[in-house]
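Trainee: Please put together the full structure from these sequences, using the hints given.
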Amino acid sequence: AYDFLNTSEINFNVNLWYNSTYSNQGKPRLLRIPRILNMVSNAFLRQFKSSTSRVLLNYVKEMPKAGTRIALDLSELLGPLLYSWVVQLLLPVFLISLVHDKQHMIRIMMKVHGLGDGPYWVITYGHFLSISFLYMLWLATFGSIIGLDIFRLNNYPIQFLFYGLYINLQIVLAFLAGIGFSDVHSAAVVGYIYVFGSGLLGSFLFQFYIEHPEFSRKTLFIMELIPGFSLYRGLYELSQFALGGRYQGTYGMQWKDLSNHDNGIKEVLVIMALEWLILLYVSYYLDQLALARNGACRYSSIFTRNFKNRSIQPRVPIKIPSSTITVDQENSDIFDEVTRHNYSLQM
Numbered sequence: 004a005y006d007f008l009n010t011s012e013i014n015f016n017v018n019l020w021y022n023s024t025y026s027n028q029g030k031p032r033l034l035r036i037p038r039i040l041n042m043v044s045n046a047f048l049r050q051f052k053s054s055t056s057r058v059l060l061n062y063v064k065e066m067p068k069a070g071t072r073i074a075l076d077l078s079e080l081l082g083p084l085l086y087s088w089v090v091q092l093l094l095p096v097f098l099i100s101l102v103h104d105k106q107h108m109i110r111i112m113m114k115v116h117g118l119g120d121g122p123y124w125v126i127t128y129g130h131f132l133s134i135s136f137l138y139m140l141w142l143a144t145f146g147s148i149i150g151l152d153i154f155r156l157n158n159y160p161i162q163f164l165f166y167g168l169y170i171n172l173q174i175v176l177a178f179l180a181g182i183g184f185s186d187v188h189s190a191a192v193v194g195y196i197y198v199f200g201s202g203l204l205g206s207f208l209f210q211f212y213i214e215h216p217e218f219s220r221k222t223l224f225i226m227e228l229i230p231g232f233s234l235y236r237g238l239y240e241l242s243q244f245a246l247g248g249r250y251q252g253t254y255g256m257q258w259k260d261l262s263n264h265d266n267g268i269k270e271v272l273v274i275m276a277l278e279w280l281i282l283l284y285v286s287y288y289l290d291q292l293a294l295a296r297n298g299a300c301r302y303s304s305i306f307t308r309n310f311k312n313r314s315i316q317p318r319v320p321i322k323i324p325s326s327t328i329t330v331d332q333e334n335s336d337i338f339d340e341v342t343r344h345n346y347s348l349q350m
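Last residue of the sequence shown: 350 in the numbering used here, with the numbers rising by one and none dropped.
No wet-lab data here; the hints were simulated from the structure. The reader is advised that the hints may include incorrect statements.
Quick list of in silico lysine-lysine cross-link-like pairs, DSSO-like style, CA-CA up to 27 angstroms [claimed, not checked]:
1. 269 / 259
2. 259 / 221
3. 221 / 269
Mentor: Structure representation (structure tokens):
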């Protein structure tokens, strides 16, 4: 909009009003304000001077602007969708491994050798954590070498903190989801559906809410409680800062950018840290509860089956040779198993 104020034949005074706000602050948008002002100046000269009078404005079309070159960048074409899929690919692998251990009774074998649930959790968690760390280290190193801006331009300690929190949250999520599955194939199908589904929903639904300035921040915070969406939000912020740094000839996200009100990675880090600690306790508690319930049901079914066989079959005197078994009562699992065995023999 133009406001000519007190413009007259001997006075040229004009204000130009324009909207400089955008919902997406990634790639810079050039408004070419000098060219618009030049059009008004030429119109003034033609009106009050002569039709041939004009003000020349050349070679400043996009001035000032950092030098750029056209290059194919995967982070610009696919954005955080591809990275969310790549990072989450380990979740179905961990879930399948946990359900496989349950199917083949690996934990019972460990208990027979004197190892309880605590060592199983520590060994499995450490194994998953080492795999995740090497996987993300290789991904970030390879991405930086081939020139992916999301890894190359953003601050490396910020990336280490973000990916470190998420891989721990992902491991705990695998433990929590593994409680509800008893078949490897079902766990694999659900795991991969979650990975690809969360990525697609994040790209085509959640990203729209992130970029919409009038969308409720509280609702957005609630949606970020889903680990797939919190990962997508963090990758989105990293990609946008890397994209802006590339076009401006600077760097991506730095520590000072965490205090930016529009940067949502700070709240994502807090959410992932709290979820990791809470879900770690919840998953361990539910795992112990599921083991206790399954053990009670198994013992109840054995007792019921033996009782039915005793009531149906005729009583035949059977001489059972006595044997003496020495049991170390400190290992409660072995002692309980031997007690149930002796009880079944006596019936």
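Trainee: Now look at each hint and say whether the structure bears it out.
Mentor: For each hint, the structure was consulted:
Under the criterion of a C-alpha separation no larger than 27 angstroms, the hint pairing residue 269 with residue 259 is consistent with the structure, at around 11 angstroms. Of the supplied pair hints, the one linking residue 259 and residue 221 holds, its CA atoms being roughly 24 angstroms apart against a limit of 27 angstroms. Annotation: proposed proximity of residue 221 to residue 269 holds, straight-line Cα distance about 15 angstroms (limit 27 angstroms).
Consistency with the previously given hints is maintained throughout, with no hint failing.
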